[in-house]
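S.K.: The lines below spell out each chain.
Number of protein chains: 2
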Amino acid sequence: MSKLTDLPKRILIGRALRSDKLGETLLPKRIALPVFASDPLSSVAYAPGEVLLVLSVAGVSAYHYSPWIAVAVVVLMFTVVASYRQNVRAYPSGGGDYEVANTNLGPKAGLTVASALLVDYVLTVAVSISSGVENLGSAVPFVIENKTLFAVGTIVLLTLMNLRGVRESGKLFAIPTYVFVAGVFLLIAWGAFRGLVLDDSMHAPTSDYEIHPEKTGLAGFALVFLLLRAFSSGCAALTGVEAISNGVPAFRKPKSKNAATTLLMMGTFAVTMFCGIIALAMVTDVKMAEDPAKDLLRNGEPVGADFTQDPVISQVAAAVFGDGSFLFVVLAAATALVLFLAANTAYNGFPLLGSILAQDRYLPRQLHTRGDRLAFSNGIVLLALAAAILVYAYGADSTKLIQLYIVGVFVSFTLSQTGMVRHWNRHLRAEKDPAKRRHMVRSRAINAFGASFTGLVLIVVLVTKFTHGAWVALLGMVIFYVTMSAIRRHYDRVAEELASDEEPADLVRPSRVHSIVLVSKIHKPTLRALAYAKLMRSDRLEALSISVDPTETKALQAEWSERGIDVPLKVLDSPYREITRPVIDYVKSLRRESPREVISVYIPEYVVGHWYEHLLHNQSALRLKGRLLFTPGVMVTSVPWQLDSSEAAKLRARKRAEWSAPGAVRRGPAPRAPRQEKTETGKP
Amino acid sequence: MSKLTDLPKRILIGRALRSDKLGETLLPKRIALPVFASDPLSSVAYAPGEVLLVLSVAGVSAYHYSPWIAVAVVVLMFTVVASYRQNVRAYPSGGGDYEVANTNLGPKAGLTVASALLVDYVLTVAVSISSGVENLGSAVPFVIENKTLFAVGTIVLLTLMNLRGVRESGKLFAIPTYVFVAGVFLLIAWGAFRGLVLDDSMHAPTSDYEIHPEKTGLAGFALVFLLLRAFSSGCAALTGVEAISNGVPAFRKPKSKNAATTLLMMGTFAVTMFCGIIALAMVTDVKMAEDPAKDLLRNGEPVGADFTQDPVISQVAAAVFGDGSFLFVVLAAATALVLFLAANTAYNGFPLLGSILAQDRYLPRQLHTRGDRLAFSNGIVLLALAAAILVYAYGADSTKLIQLYIVGVFVSFTLSQTGMVRHWNRHLRAEKDPAKRRHMVRSRAINAFGASFTGLVLIVVLVTKFTHGAWVALLGMVIFYVTMSAIRRHYDRVAEELASDEEPADLVRPSRVHSIVLVSKIHKPTLRALAYAKLMRSDRLEALSISVDPTETKALQAEWSERGIDVPLKVLDSPYREITRPVIDYVKSLRRESPREVISVYIPEYVVGHWYEHLLHNQSALRLKGRLLFTPGVMVTSVPWQLDSSEAAKLRARKRAEWSAPGAVRRGPAPRAPRQEKTETGKP
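Residue numbers (this note's numbering), protein chains in the order written: chain R, 12 to 695; chain C, 12 to 695.
Hints are supplied without guarantee of correctness; some may be wrong.
One copy or two, either will do: identical chains are not told apart, so a pair holds if it fits within one copy or between any two.
Said to hold, decoys possible - The calculated SDA-like cross-link candidates involving lysine to any residue, where the alpha carbons are at most 20 Å apart (straight line), are:
hint: 1; residue 1: Lys532; residue 2: Thr562
hint: 2; residue 1: Lys264; residue 2: Arg41
hint: 3; residue 1: Lys545; residue 2: Glu608
hint: 4; residue 1: Lys158; residue 2: Ser336
hint: 5; residue 1: Lys545; residue 2: Ala659
hint: 6; residue 1: Lys545; residue 2: Pro643
hint: 7; residue 1: Lys535; residue 2: Asp503
hint: 8; residue 1: Lys636; residue 2: Arg665
hint: 9; residue 1: Lys565; residue 2: Arg449
hint: 10; residue 1: Lys636; residue 2: Gln653
hint: 11; residue 1: Lys636; residue 2: Arg663
hint: 12; residue 1: Lys305; residue 2: Pro216
hint: 13; residue 1: Lys119; residue 2: Arg372
hint: 14; residue 1: Lys636; residue 2: Pro260
hint: 15; residue 1: Lys636; residue 2: Ala659
hint: 16; residue 1: Lys532; residue 2: Arg372
hint: 17; residue 1: Lys545; residue 2: Arg523
hint: 18; residue 1: Lys661; residue 2: Arg433
hint: 19; residue 1: Lys447; residue 2: Ala230
hint: 20; residue 1: Lys268; residue 2: Glu553
hint: 21; residue 1: Lys411; residue 2: Arg663
Simulated from the structure, these hints should not be mistaken for lab results.
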């Protein structure tokens, strides 16, 4: 612990928080907002641009539909926020979408939501990182020229940070998020002031560009379809809203109320920023095109492949603050940072959801352990790999990645809200108090509206985006769904096999124990194994040596007699120097002779400190053990001998144990079970 | 066993030979010759060409030195054969070069020889395969056009065959080797007949080419150096001669005498073939150049990069039998096959040497097991990888690879013969019988001459080939030497640490056992673990459950009481759902309370049949076990529960056990230890 090398780390990130202390740190609203809102708030960095991008297909004239689309997004946002305010009240223990769907709609719906959320986490990383790099690139051209490289590099960096286990604090989230929010509000206010009061005319860098419409004179169904597509893209602003519903236990009391308030604040901030940016984009004449190289014209000529289309937020900032001005650079940096933080939330959410799924046996049991480093690492690496592949495949183009993004979000919105309707129905059947009933009926109405609205949006998203990439997300969901179902089926089959209704059939009521200590030579580990085996007072005890070299065996037998070891030594011949087969054969023959005897095999094992030492020790023991375990009526005891070098591994293990899993701040304290420590049951 | 899928294999390769039956099959000389001689005999396919190649540097006129070089090679061959005839007589148990050097010159010399031999095996594969592909290519141009591909492909094929474990028989070696030997003798005889009796003039395909000498008018030191270089290359004919000295136990009785006779036959065959081919090459005017593209002229013009220089043996065969004639194709095929067989001998030798080195603790202990599949596989893969890298790096060019080859061979020749001199010196000091002494003095003289001659050749090879590639081989030897010394030092350090001169210091004379059965739920595996633990009659027995979920824990406690299980159940709280830490902490606290108590932890373990099931089970148990073993005074018992799916793994294991390691034919039967089975020592 107090090693010299730890000192710089201690100074940099403070004393590592023990996980049992973590339980005491609860979040006030002012910290909870940035902790949970980096994902939904950061999406205003790309959502407005996506709306304009889609509209541009019908030419600049279609931009005048953008306020209407903004209104639709605002209405949807408040619907979703209102719905989730019901969730956090109904499930103060932190009922995420998975649990709500699972409890109220059954395991299939739950698993569907889980698959959607897993895909969603991957895309949160891919989209946020790509968009973050684009925003950074608007201030630092070098970054945008090596977009994929920087995006993948950021993923690697975040992955390493999370694997390493960085201690979190609310401040880490608060500072960039508040800088970002303040920056955007200042942008909107200053823009409004310049436009309305000073009557300045502000021009975005692309204001005097023209757009070559892909389709002119769109009307009727085609126009409606385009507007729906634009709306679908705008819905990207809603991603991450559901995060708070998982995090209620992290809030200060009254938890539910504080969470609901925070949710409302977040929604208000998000829509204000979203609408403000769209409005400024209109005022400053931002031009965005789906395929800028071809469709964006400068002096009547296409801008060509070299042109990089900056995000709307940075174009607006250039118009309002001035391109390259101090505020412009600060906002670009804050935007990128908030987007990277948003990606980081997925690094926390993915393993947490994994642990909940493991609890329900959809994933390997060991993921169940909260903050278990190995389980956590596996989840992190899987997430990072999937995201990096997507980023690479789509060239870190946030516009393309967003086509995949929103499906998963709305699958879980819709199923979660539908589940809530069921929840209220069930409670209404039991509730008699008219005041409470009224409250429930109101909640149910809100959730029902939320479910219908988000369900409608899901259909719109699927229809308008399926061929644009949504199928990839759906495929991902199907893969997760099928894998997790298979794992669950396996566990169920095993559980059935192990169910102990009757006594184990093949246990012919064991009556005696025959202990065998494996001996290769007489040294400390062997003597310890013999001493331990003798303490166990089995019915028969013998030492067993496999003779691979007659000379060595003779020496062993001589030393055995000389030392007067009071355990009989049996020697088995093995001309081919095999260890495993003679032992297995001997054990089997003992079992044949007396089937009611249990064989207990003691293996002296070396405990070493370095991975390469494993190659040099215990290999025969390991393989023998592996084979012995297949033989019924056998138990295998490892008697460890700690080599000096094992100290190194012990130190490492201690360090690992002190590691605290990222995401702890969002997760809140663990539910304290009723004090049970050292309770004893059963007759002594 | 009698599974349907085994049937085709049974038909194809016959019933698998059980290794204990193998002991009965000893080799008569007519089979021993091909089994051991494929490597040295096959080298006449490339050695003569290498001589001409080097001489060509000084122009065609230098070719007239080739008979003198052939004579030098013949003298060297008989010297080496005579020397090894002493080895096989002195070490009828099969004293390979490593053992001779190790016993007589000490471990450093032994390790040097071992390193040289390991490098040598890698190069045997690389050179033989490359030369085989070149010979095959002289009949099938398509092969030579994709030389590297075919060479690496052949390595992969041989590797798979050896990993799979092909049953060997003497015939497998005998047929191609005798076809090859017969073919070469027929070639020489028919060539002599046509030349001397019919007075035909025979012309090799390159007979009317000219050679542009790189250096003209070489004389004095430069000429001597060139001749020495040519001689060094010719020494490639001697590789593999030492193989018989490892294989004496595989011979029929009288083993040593038969081995010595076979050695002489092999030497005679090899030199006859070597000289015959050189003579025919002179008669048919074969032209070889080191850099044919530049230095080989056709009608006064360089032949260019497209030209492939066929091996001498195939050019001579084209001249004598006719290009593309039936006999020409048969000889080319037999040559290639024998070369591939020669490569295959390295696949057998490498793991065998590994097992001997493991016995002396220069390599991980588990390699010690004779014919152990896993150890064997690792050796095979290492050998194949190294050879494939060399083949790829040198473009499967046998001429370039041969520059690396001969160093290792002569290092082991020299040290082995020097060791033999010491051997005789030692025996002479003890021997009184004048007849036997005379015999020994004679043997010593032969070995002394052999040692000086091969030592001289080693210096010549090093001097003439160092910059041509011999340094790579030396580097390889150094790497093996350093690695093996490090492993040995590690084992020595551990052995010292474990030496049991006194009682283990930290064993405060354990007096009692406290047994703990880990329980997660009540099912068959748990019940079995409890039943077994109860049989062991420890001083204290309790069940321990980690509460990760209060509801589950309550249910467990209720069932425990209900079933009336007569073992107290202790429950430890774990708010973070960790398993390992609470158990470790509890065990440590027990040890602190009563240091003389040994803790025995019983873990119910699932035994599964598929690798992916391991991901789903036992992970927590495994990690807990790993951590427990670091805690002093603890033993860990696995109580296995065989799941139905474990049957699959059992079948696989049984199949693996029946696998017989390639190379068994060369190795001979295992030394039968004096019957020791079921001997008991010590007081019961």
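S.K.: What hints, given by number in increasing order, does this structure fail?
M.R.: Failing hints, ascending: 4, 5, 9, 14, 18, 19, 20, 21.
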